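Visitor: Sequence:
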Amino acid sequence: MNKKIELGVINTLKVNRVSEPGLYLCSLDEQEVLLPNCYVKQEMKIDSTLDVFIYTDSEDRLVATTLTPYGKKDDFVCLEVVDSTKFGAFLDMGLTKDLLVPKNRQKSTFNIGSRKVIQIVEDEKTNRLIGTEKFVLEKFPANLENHSEVEILLYMKTPLGFKVIVNNAYEGLIYHNEIFEKINIGDRKKAYVKNLREDGKLDISLQRIGEEKKDDDANRVLDILSKNGGEMTFTYKSTPEDIKKSFGLSRKAFKASLTKLIEENKIELLENSIRIK
Numbered sequence: 001m002n003k004k005i006e007l008g009v010i011n012t013l014k015v016n017r018v019s020e021p022g023l024y025l026c027s028l029d030e031q032e033v034l035l036p037n038c039y040v041k042q043e044m045k046i047d048s049t050l051d052v053f054i055y056t057d058s059e060d061r062l063v064a065t066t067l068t069p070y071g072k073k074d075d076f077v078c079l080e081v082v083d084s085t086k087f088g089a090f091l092d093m094g095l096t097k098d099l100l101v102p103k104n105r106q107k108s109t110f111n112i113g114s115r116k117v118i119q120i121v122e123d124e125k126t127n128r129l130i131g132t133e134k135f136v137l138e139k140f141p142a143n144l145e146n147h148s149e150v151e152i153l154l155y156m157k158t159p160l161g162f163k164v165i166v167n168n169a170y171e172g173l174i175y176h177n178e179i180f181e182k183i184n185i186g187d188r189k190k191a192y193v194k195n196l197r198e199d200g201k202l203d204i205s206l207q208r209i210g211e212e213k214k215d216d217d218a219n220r221v222l223d224i225l226s227k228n229g230g231e232m233t234f235t236y237k238s239t240p241e242d243i244k245k246s247f248g249l250s251r252k253a254f255k256a257s258l259t260k261l262i263e264e265n266k267i268e269l270l271e272n273s274i275r276i277k
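Take the sequence shown: its letters are residues 1 to 277, numbered as in full-length UniProt numbering.
Treat the hints with caution; some may be incorrect.
[What the hints assert, rightly or not] Label-pair ranges, simulated between beta-carbon atoms:
#1 Asn184 - Ser19: 43 to 53 angstroms
#2 Gly230 - Pro159: 37 to 47 angstroms
#3 Pro102 - Ile262: 51 to 61 angstroms
#4 Tyr70 - Gln31: 20 to 30 angstroms
#5 Pro240 - Pro36: 53 to 63 angstroms
#6 Leu160 - Lys103: 25 to 35 angstroms
#7 Pro36 - Ile276: 25 to 35 angstroms
[To be verified] Listed next, the in silico BS3-like pairs over lysine-lysine satisfying Cα-Cα at most 27 angstroms (straight line):
#8 Lys214 - Lys201
#9 Lys190 - Lys73
#10 Lys107 - Lys41
#11 Lys266 - Lys277
#12 Lys214 - Lys260
#13 Lys73 - Lys86
Note that these hints are calculated values from the structure, not bench results.
A quick note: this is a predicted structure, and the numbers were derived from the prediction, not measured.
Think of the CB as a built atom: it goes at the ideal place given N, C-alpha and C, for glycine as much as any other residue.
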C-alpha cells in the first residue's frame, strides 16, 4: 500500500469511505483521492485495497481510475493526436482525459490523426501530467553490456539510421544498412546492444549477435521454407533485394544460414532452389 498518493503512477490504496460521487481511497498518510462511480464495482468494499492510476481531472484535482493508461509518468510512448489548439495538442493516452502537449514542448507539427513519440512528465508549474517532445536521454548505461537484450522505441529517422530509446532511458541508433525488415517511428521492439560508444550512446541491432544470431537466422530460413511448401527458388546467387524481401536477412547472413542448414542435413541445394529434406 502506498505511503502517500503519487501522481502519474499505479498506486495501491485502501477504500476509506463511500460518497455520492464515488469511493474515497486513502494512502498510509491518510490522504484521500476520489475513485468516481463509473469505475466502482460491487466487490470494492471498505478497507479493501485497489490498484489505481492517479492523474488530475479538468479542475486539476487528483483523481483515481482503474483504467490502464498507455504510459505512466517518465515513460516514453507513441500516442495519437486527437485534437490541436493554439496552445497545444491533445493525445489519447487511454484515459477519459487526453494528454496535453503544450506548444512550447513541441518540436514538430502535431496534426490530428498523426502519432507522436513523447515523454510523459509532471509539469512543475501546474502539477499536471503533460507530454513533451523535448526530452533528454541518459548516457553511459552502467547496467548494459555488448550483446545485452533490450527493449527499444523508434523515435526519429536520420540519414544514418533510426534513433531509438533503449530501455525507456538511453539513446541508441540502428544503422540503415543493418535493417532487413520494415520498421516505423513508434514501433516498440526487442533488440540487442551491438556497441557501447565512447560518447555514451549505443549502437543497436535488431538481430542477435554472434553464434546466437547464426542460429536465429538459420531457424528463420527453415521456418520460411516450411511456410512456403518446403521449397523456394533461392540459391547462393540470389539477389540481396530478393533475400531481404523474402527472408529479412542480408545476403551474407542468408548464405551463412544455407551453409549451416546444408551441413546439418536439414536442407538440400538444387540447381535453382533450396528444399527441406
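Visitor: All hints, please: hold or fail.
Guide: We went through each hint and held it up to the structure:
1. Asn184 - Ser19: 43 to 53 angstroms: With a Cβ separation near 46 angstroms, Asn184 and Ser19 satisfy 43 to 53 angstroms, so the hint holds.
2. Gly230 - Pro159: 37 to 47 angstroms: holds, 41 angstroms
3. Pro102 - Ile262: 51 to 61 angstroms: holds, 60 angstroms
4. Tyr70 - Gln31: 20 to 30 angstroms: At roughly 26 angstroms between Cβ atoms, Gln31 and Tyr70 fall inside 20 to 30 angstroms, so the hint holds.
5. Pro240 - Pro36: 53 to 63 angstroms: holds, 57 angstroms
6. Leu160 - Lys103: 25 to 35 angstroms: Taking Cβ atoms as reference, Leu160 and Lys103 lie about 30 angstroms apart, which means the hint holds.
7. Pro36 - Ile276: 25 to 35 angstroms: violated, 59 angstroms
8. Lys214 - Lys201: It holds: about 26 angstroms lies between the C-alpha atoms, which stays within 27 angstroms.
9. Lys190 - Lys73: The given pair, whose Cα atoms are some 22 angstroms apart, holds under the 27 angstroms limit.
10. Lys107 - Lys41: With a Cα-Cα distance of about 42 angstroms, the restraint between Lys107 and Lys41 is violated, given a limit of 27 angstroms.
11. Lys266 - Lys277: Holds, at about 6 angstroms.
12. Lys214 - Lys260: With a Cα-Cα distance of about 8 angstroms, the restraint between Lys214 and Lys260 holds, given a limit of 27 angstroms.
13. Lys73 - Lys86: holds, 25 angstroms
In summary, the numbered hints that this structure violates are 7 and 10.
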